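A.B. asks: Sequence:
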Amino acid sequence: MVELLNITPKRAKSVKRQLLIGNVLIDEISKAKQKNKSSVLNIIAGKVVKKYRCLKGVSQSTGLSRGTISKYASKTVTIRKSVTRRCQKEVTEFFNRNDNSKTNPGKKDSKKCEDGETKQTKVLTDYLANLHQKFLTENPTYELSLATFCRLRPKNILTVKFTSRQACLCIRHQNMALKMQCLRKLSVPVSDNPERNLDLNDNIDELTKIIPDNKEINYNTWKRVDGEKNIKKMKLVNVNLKKSEFIGIIKTELEDFRLHVYRMKEQYQQMRRLKEQLPPNHMIVQMDFAENYTCRSVDEIQSAYWHQTAVTLHPAVAYFKLDGSLQHRSFVVISNELAHNTSTVWSILDILVPQLKQIDANLEYIHYWTDSPSSQYRNKHIFHVIANHVELFNVAARWNYFEAGHGKGPCDGLGGATKRFADEAIKMGAAVIQDAADFFAWASTSTMREVKFLWLERDACQQKLEVTSCLKIKPIKGTMKYHAVSSNDTRSINVRETSCYCHDCLTGEVCSHWDLHILDYKRNTTVRDEQQRQQSVPNTTNNAIIHETVDSNTGLQQVSCKDGDFVACVYDRKWYIGFVSEVDEDDVNVSFMQASKAMFKWPQPPDEIWVDKNNILCTIRRPEPFGKFSRVFTINDEDRCNIENMYTMFPNTP
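Going by UniProt numbering, 98 is the number at position 98 of the sequence shown; the sequence numbering is gapless.
The hints are simulated quantities; they were obtained by calculation from the structure and are not laboratory data. Zero decoy hints are in this set.
Here are the computed lysine to aspartate or glutamate pairs in the EDC-like style, where the Cα-Cα straight-line distance is at most 20 Å:
no., residue 1, residue 2
1, 119, 93
2, 477, 565
3, 111, 424
With beta-carbon atoms standing in for the labels, derived distance ranges:
no., residue 1, residue 2, range
4, 432, 145, 52 to 58 Å
5, 196, 507, 37 to 43 Å
6, 116, 292, 29 to 35 Å
7, 374, 191, 30 to 36 Å
8, 364, 245, 51 to 57 Å
9, 196, 364, 41 to 47 Å
10, 146, 238, 35 to 41 Å
11, 507, 583, 33 to 39 Å
12, 340, 112, 30 to 36 Å
13, 96, 322, 18 to 24 Å
14, 429, 116, 20 to 26 Å
15, 625, 96, 36 to 42 Å
16, 625, 191, 47 to 53 Å
17, 191, 364, 45 to 51 Å
In this text the structure is predicted, and so the values were computed from the model without any measurement. Quick reminder that beta carbons are idealized off the backbone N, C-alpha and C, glycines included.
Sequences are here, hints too, so could you generate the full structure?
C.D. replies: Structure follows, in structure tokens:
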């Protein structure tokens, strides 16, 4: 053949070599295993093969499908996969954020993912198109199509419509979605996503002109109604209203809904900022009660069905910085106490905080994040715990509350996974769980090695219930609107309608946008209390500053004081300083501070006594906190001098 082509010997050798290489490669490609076909296609398929019309020859020589070769654009696929690999981590983290998806709490809410691991399912809080725009806004350097963004969605994160079948949804969002659904049925051009209708008040009258004025509008809404035994229950009820009444309700509720959405997004944003900028020796603790676990057996008798035992589960996830990266530890508190109330929460903190200190021995500050039920986390007793957190646990704290209906987070997934693993162990015969103690025994030896299980005895909760019962604290006005509470001292707290983690607030201090609230401790006065009060003495130490007087009838001009003032007064031939919590016609209820050398501190429990107004020496400035943890206080030198002078004028002073 070389002679026929009239090629020089040198050229013939080169051509022979190229033909040999070509034949060898074709033979190797044709013998390649099926699992390597995609790699082969990446090499041989492309625009050059198409340009010289070699698809048929390559297909016949290698045995590869001609159609596959023609459609396989190697360079395009390589570039697309490269972009996908770079974005995969960011998109996955974006989908898993609490503001973009919420965790389903059920033990059956799980799905097997690409890596073979079974994970708790989550539900998106918005449409994929809206989330895609949000991702591109937050990551302007990425050029990611909507199709690729949707393809990267993890399998355990599901899509949902706002009015589809789901549990534990936000009542405000659902009711607004039902009203928008009603308007859409009446051909009013509004979105079924209620958050996209926040500015609807500006033109709702114009949009609803197509509805006749005499039209009676029928819609559904979630409403609390009377049930059996006068117990209120939440039910979906049908409502018929005139057009004007319906439009008026929408206008009123839209303003409240706009603020609700703002608080929801602001809390998520502050949580995200705190995680990104968490200072050293600070820790985030996100926690919530899971649905009680019901103990069942694989084979149980009929009567056992009606006497099933429940177990309280309280998951908590702690976040902290280690070598500059955010780490987390998971805890589940197991208890035979079924009451989900303040005393149980306080008891949980008693066993949880020491575990946190084992993670970080130099722990300085805890940032709690929970949902907002008033019976559990957002009430006057928890405010007392926050104010006295340093005294109780030797570490300062701040309590943040998610907006009502939007507190779903990793704790829900942790609780659901724990219950699912328990069910699997029972079905496999690996465990017999008949009560809370059995559940804890199984959990402590289970395969959930990354979770620390803690036991809480019912007796500890009952003892704490007695403590909270003795705390007579007046409720703080506006409690349900506050979403951030920070400790100030043992008698006061700083509050805010939304959380704030600006530069000042990240350090453990508070900026100027917080409001100060004094915790008002009261006591229920009875005839017996009144008799005992005459003989009671403030609980002070031996090294207290002591002065004596003989007669309580001073003859001096009576000092005027009001609730919230700090005063110096004479009681049982001694003088003390304290906080005025209540003023009567002739008496003043004073919560005394305990003297410690030249300092003062708040005693535990609070020491409150009614004193005669004539025994008040003078009003003083608020004592200034002293020391790192503000456990002790000092009074102004001018105030101290004034107290001494007024006391020397007191009759029969030695």
